[in-house]
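Asks: Sequence:
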Amino acid sequence: MPRAPRRIARIAQDPSRSQSIPFTFPGVRSCDAIHLQRSARVEAVPLYESPKRPSRKASARAAASAGESATSLRYEARRREITDAAAKLFAQRGYEATTFNDIAEAVGLLKGSLYYYAPSKEDLLYSVIHEVHQSGRELVERNSSQELDTITLLRNVVGDAVKFLIESREKNVIAMRDFRALSEESQRELGDERAVFWNYLRRLITNGKAEGSIRDDVDVQVVATAILGAINYLPAWYERGRPPSVARMVQGYRDFLIEGLLA
Numbered sequence: 511m512p513r514a515p516r517r518i519a520r521i522a523q524d525p526s527r528s529q530s531i532p533f534t535f536p537g538v539r540s541c542d543a544i545h546l547q548r549s550a551r552v553e554a555v556p557l558y559e560s561p562k563r564p565s566r567k568a569s570a571r572a573a574a575s576a577g578e579s580a581t582s583l584r585y586e587a588r589r590r591e592i593t594d595a596a597a598k599l600f601a602q603r604g605y606e607a608t609t610f611n612d613i614a615e616a617v618g619l620l621k622g623s624l625y626y627y628a629p630s631k632e633d634l635l636y637s638v639i640h641e642v643h644q645s646g647r648e649l650v651e652r653n654s655s656q657e658l659d660t661i662t663l664l665r666n667v668v669g670d671a672v673k674f675l676i677e678s679r680e681k682n683v684i685a686m687r688d689f690r691a692l693s694e695e696s697q698r699e700l701g702d703e704r705a706v707f708w709n710y711l712r713r714l715i716t717n718g719k720a721e722g723s724i725r726d727d728v729d730v731q732v733v734a735t736a737i738l739g740a741i742n743y744l745p746a747w748y749e750r751g752r753p754p755s756v757a758r759m760v761q762g763y764r765d766f767l768i769e770g771l772l773a
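Numbering (my numbering), first residue to last: 511 to 773.
Be a bit skeptical, because a hint or two may be false.
Said to hold, decoys possible - Derived Cβ-Cβ restraints for the label pairs, each shown as a range:
id, residue 1, residue 2, range
1, Glu606, Asp727, 43 to 49 angstroms
2, Gly622, Gly751, 38 to 44 angstroms
3, Gly739, Ala773, 33 to 39 angstroms
4, Ser655, Val756, 35 to 41 angstroms
5, Glu648, Gly604, 33 to 39 angstroms
Rather than coming from a laboratory, the hints here were simulated on the basis of the structure. The beta carbon of each residue, even a glycine, is placed where N, CA and C say it ideally should be.
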């Protein structure tokens, strides 16, 4: 971003005055404990930070794609077509039930020819999930670059996330349902990307508490996780073209998830 990052308050906890609750959630990259705050001091940190460890596999693929694109736009277009076809099959049949041959047939290729574009079925799953995470990170970056008050930023990012999850329903279902089908190495590589949205929510809520726009008794990590959980499972049940409309969903989620936090 061209300007200096926005600064917010971070709660620095006193370990001797806190409790830890073991906690696992599919939208959070690790099983870190939630700390119930009893006392706190404040220090400044950026509102948004890029993932600390870039995905090695994603970086390599991006570099390879850039090289291929320079020599053959058709290769890149074909790879995109194959990834999209794989996503549709994964969403409809499930990742485990979809074979490499199914994907080849869907795009009119022999199985042997498909290996030119993708070394494995897992490689295509990785690409689909990486694309979802990248879109989420771009959403956060766009939101955090705006000079708006904290509550408006929070309402906007929740609304944008609801819209994105609905409009890219198939790929978001895959990202939530099939993430554990990836190898442990791939899960670790995508871990930082996966946590970006949750971390941004947590920082926004912390900032709102510090400035007095959000109630002081709100538990930052519990509320951030509750918001994430509420919107993450939208793709599992929402059907476009049937009521309620996307606009009503955006407004309803904003009101339901945020209004109760206000001071």
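Asks: The structure should be examined with respect to each hint, and the outcome stated for every one.
Replies: Hint-by-hint comparison with the structure:
1. Glu606 to Asp727: 43 to 49 angstroms: holds, 44 angstroms
2. Gly622 to Gly751: 38 to 44 angstroms: Given about 39 angstroms between the Cβ atoms, the range holds.
3. Gly739 to Ala773: 33 to 39 angstroms: violated, 23 angstroms
4. Ser655 to Val756: 35 to 41 angstroms: violated, 24 angstroms
5. Glu648 to Gly604: 33 to 39 angstroms: violated, 28 angstroms
The structure is inconsistent with the numbered hints 3, 4 and 5, although it conforms to all the rest.
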